[in-house]
Amino acid sequence: MSEWWDYGLADFLLFSPRVYYRLFETMNSVWWIAVLAAFVAGLVAAGLAMRHGHRGNRVILVLLSLIWGWAGYGFLWQYYQPINWAVAYILPGFVIEAVLLAVFAARPLPLRFGWRGDLTSCVGAGLLVVAFVIYPFVGLIEGRDLIQAELFGSAADPTALGTLGFVLMARGTWRWLLLPVPLIWCVFASATLWVMDQQVAYVMFVAVWLTIFSGWLDLKNGVTTRRLTEAERATPASLSD
Amino acid sequence: MSEIDRRNFIKGAGALGLAGMSASIGQTVPRLARAASSATVPDVIRKTVASTGEKIPAVGLGSWITFNVGNDMVLRDQCASVVSAFFNAGGRMIDSSPMYGSAQEVIGYCLDKLGAHDRVFSTDKVWTSGDGAGQIAETAERWHTRNFDLLQVHNLVGINENLPLLFRMKDEGRLRYVGITTSHGRRTDDMIALMKNERLDFVQVTYNPVDRKVEEYLLPLAYDRGIAVIVNRPFRGGSLTQQLEGEPLPEFAADLKAESWAQLILKYLIAHPSVTCPIPATTNPAHAAENMRAATGVLPDDKMREQIAAVIGVLV
Chain B
6 MSEWWDYGLA
16 DFLLFSPRVY
26 YRLFETMNSV
36 WWIAVLAAFV
46 AGLVAAGLAM
56 RHGHRGNRVI
66 LVLLSLIWGW
76 AGYGFLWQYY
86 QPINWAVAYI
96 LPGFVIEAVL
106 LAVFAARPLP
116 LRFGWRGDLT
126 SCVGAGLLVV
136 AFVIYPFVGL
146 IEGRDLIQAE
156 LFGSAADPTA
166 LGTLGFVLMA
176 RGTWRWLLLP
186 VPLIWCVFAS
196 ATLWVMDQQV
206 AYVMFVAVWL
216 TIFSGWLDLK
226 NGVTTRRLTE
236 AERATPASLS
246 D
Chain L
7 MSEIDRRNFI
17 KGAGALGLAG
27 MSASIGQTVP
37 RLARAASSAT
47 VPDVIRKTVA
57 STGEKIPAVG
67 LGSWITFNVG
77 NDMVLRDQCA
87 SVVSAFFNAG
97 GRMIDSSPMY
107 GSAQEVIGYC
117 LDKLGAHDRV
127 FSTDKVWTSG
137 DGAGQIAETA
147 ERWHTRNFDL
157 LQVHNLVGIN
167 ENLPLLFRMK
177 DEGRLRYVGI
187 TTSHGRRTDD
197 MIALMKNERL
207 DFVQVTYNPV
217 DRKVEEYLLP
227 LAYDRGIAVI
237 VNRPFRGGSL
247 TQQLEGEPLP
257 EFAADLKAES
267 WAQLILKYLI
277 AHPSVTCPIP
287 ATTNPAHAAE
297 NMRAATGVLP
307 DDKMREQIAA
317 VIGVLV
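Chains B and L, in that order, are what the protein sequence lines are. Note that the first sequence covers residues 6 to 246 in the working numbering. Note that the second sequence covers residues 7 to 322 in the working numbering.
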């Protein structure tokens, strides 16, 4: 008679919005140097993602790897996991993502980031804007204090959103390996925010579908399956596309 | 297996109602609580646990969502204020579950801070299909206690393994009471079968003036079988009192000395002869004290209970 399937989604909401947003307030207060450093690192990575060249690509991947490691430890392990036991099951995903990013950085020819001018690039750039500029401060509209801002690099939601953006901005056959973890997190976060009656849940939900749609477009247009040529690797994306 | 004798139920209900009324004016607080704070703890209505005859305060304290505050020391201290207000107003039963995140640890913190381990009627649950004994040991560690007053199989998860485990613990003197829980009216048939066939001390169900399904069969069965009833979600997780906020109390609330909708709802629940202890949750110490005051003074009779349900039914 041990039936788990008769639980509803709301049964697994174990904390109030007050407690949830206090997590960011506490983390931002206690670890403000690390939070700021991770945010700046993300900004640097985003700036580099708009450019081209192998060196910049490797830096982006290293920064993102460090960011995922920090978000996993700093936010999930230290703050979120104590109030949400389900996080313990997702935490290994953050480790996997950090390792994957590091592996991509270590490859002789890492993913190439750069503006391609197609719809996927637009979606990627849009997600970066949302992750860095809109999502952290949307709480201000809802009356929350600035200290509770969820910043890219430390808070899991904007970090996952932004990473989707980075991956959509990238080229290379294996880039899709980097999508499952942030996608799963976005679904998890969207469900959590939804049962908490937080409107921002829709942002996460829409981001998931936009990413899947863009990935499908790339697949359809051959962007995903086509390996980068030596010429493409050596020349700016705008010239090779 | 005994069937429900409605005549005895109604007869007993009246007797219990009278007992409740007399409790409200004459009975004293439990020995341990009195020893800990005899000057400040007021008299409250207490209900009888039929399997032993022990009387416990008729309002308890839930911890779902409200006590899951993680490592946030500011919020932990707020929880301690809630527990303090609850004890000082005469409360004893605190309920939690391994499912509630950090709530168990926070309760342990509160009891340590208040030096109140001897004042609490400790109520928790086992909620696993795996190692029930291991989970109970972890739960005790989080509460900073060795033994619980009551352990329940949460939502009947792993019931075939966990219920025998709890009975064994009780037989060995490591546990005083055994119970089972459900919520939102789920798995009622399984619940009823267990109530009929097992020697349960407690059941925990969802009940409030809007969710009244348990009145039909489950509450009378509990009375007939001598099983104490804990009521979860008395305010529907807070949504019921939120919906009623701003609405004027009905005139008859003054006769019950109910100062709020929360108190009116709790009086409605306590007045049911089968109900032993609703467990409202709160983050507000004033609300904890207010909830406990529902277990004082006069309780509604059957007619007034129907009026309460009718009024609330119209407003929500």
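Please keep in mind that the hints were generated in silico from the structure rather than gathered at the bench. Be aware that a few hints might be false.
What the hints assert, rightly or not - Residues on chain L that point at chain B, a partial pick, calculated with CB under 10 angstroms: (1) V80; (2) P104; (3) T289; (4) A292; (5) H293; (6) V320.
Said to hold, decoys possible - Label-pair ranges, simulated between beta-carbon atoms: (7) L:G191 x B:T178: 48 to 56 angstroms; (8) L:L321 x B:S34: 35 to 43 angstroms; (9) L:E147 x B:A39: 46 to 54 angstroms; (10) B:A39 x L:G232: 54 to 62 angstroms; (11) B:A42 x L:M79: 19 to 27 angstroms; (12) L:G191 x B:W214: 31 to 39 angstroms.
As the list claims (entries may be wrong) - Derived contacts from chain B toward chain L, CB cut-off under 7 angstroms, selection only: (13) T31; (14) I88; (15) A91.
Heads up, the beta-carbon is just placed ideally off N, CA and C, and yes, glycines get one too.
Exercise. Cβ-Cβ distance between A39 of chain B and G232 of chain L: within 54 to 62 angstroms?
Worked result: Since A39 of chain B and G232 of chain L have Cβ atoms about 58 angstroms apart, the given range 54 to 62 angstroms holds.
Exercise. CB of E147 of chain L to CB of A39 of chain B, is that within 46 to 54 angstroms?
Worked result: violated, 31 angstroms
For this session: Please verify that hint: H293 of chain L, Cβ, nearest Cβ of chain B, below 10 angstroms or not.
Result: violated, 14 angstroms
For this session: Take a look at whether the Cβ-Cβ distance between L321 of chain L and S34 of chain B falls inside 35 to 43 angstroms.
Result: Given about 42 angstroms between the Cβ atoms, the range holds.
Problem set entry | Per-residue hint verdict: V320 of chain L, partner chain B, C-beta under 10 angstroms | violated, 25 angstroms
For this session: So, T31 of chain B near chain L? Judge it on the closest CB pair being under 7 angstroms.
Result: holds, 6 angstroms
Problem set entry | Range agreement (Cβ of T178 of chain B with Cβ of G191 of chain L, hint 48 to 56 angstroms) | holds, 52 angstroms
For this session: Have a go at the I88 of chain B hint: is there a Cβ in chain L nearer than 7 angstroms to its own Cβ?
Result: holds, 4 angstroms
Exercise. Falls inside 31 to 39 angstroms, the C-beta gap from G191 of chain L to W214 of chain B?
Worked result: holds, 35 angstroms
For this session: Under 10 angstroms, Cβ to Cβ, is where V80 of chain L needs to be relative to chain B, so tell me if that hint holds or is violated.
Result: Holds, about 8 angstroms.
Exercise. When the nearest CB of chain B is found for P104 of chain L, is that gap smaller than 10 angstroms?
Worked result: It holds, given that the least Cβ distance between P104 of chain L and chain B is near 8 angstroms, below 10 angstroms.
For this session: With a cut-off of 7 angstroms on the beta carbons, see whether A91 of chain B makes it to chain L.
Result: violated, 9 angstroms
Hints 4, 5, 6, 9 and 15, counting from the list given before, are not met by this structure.
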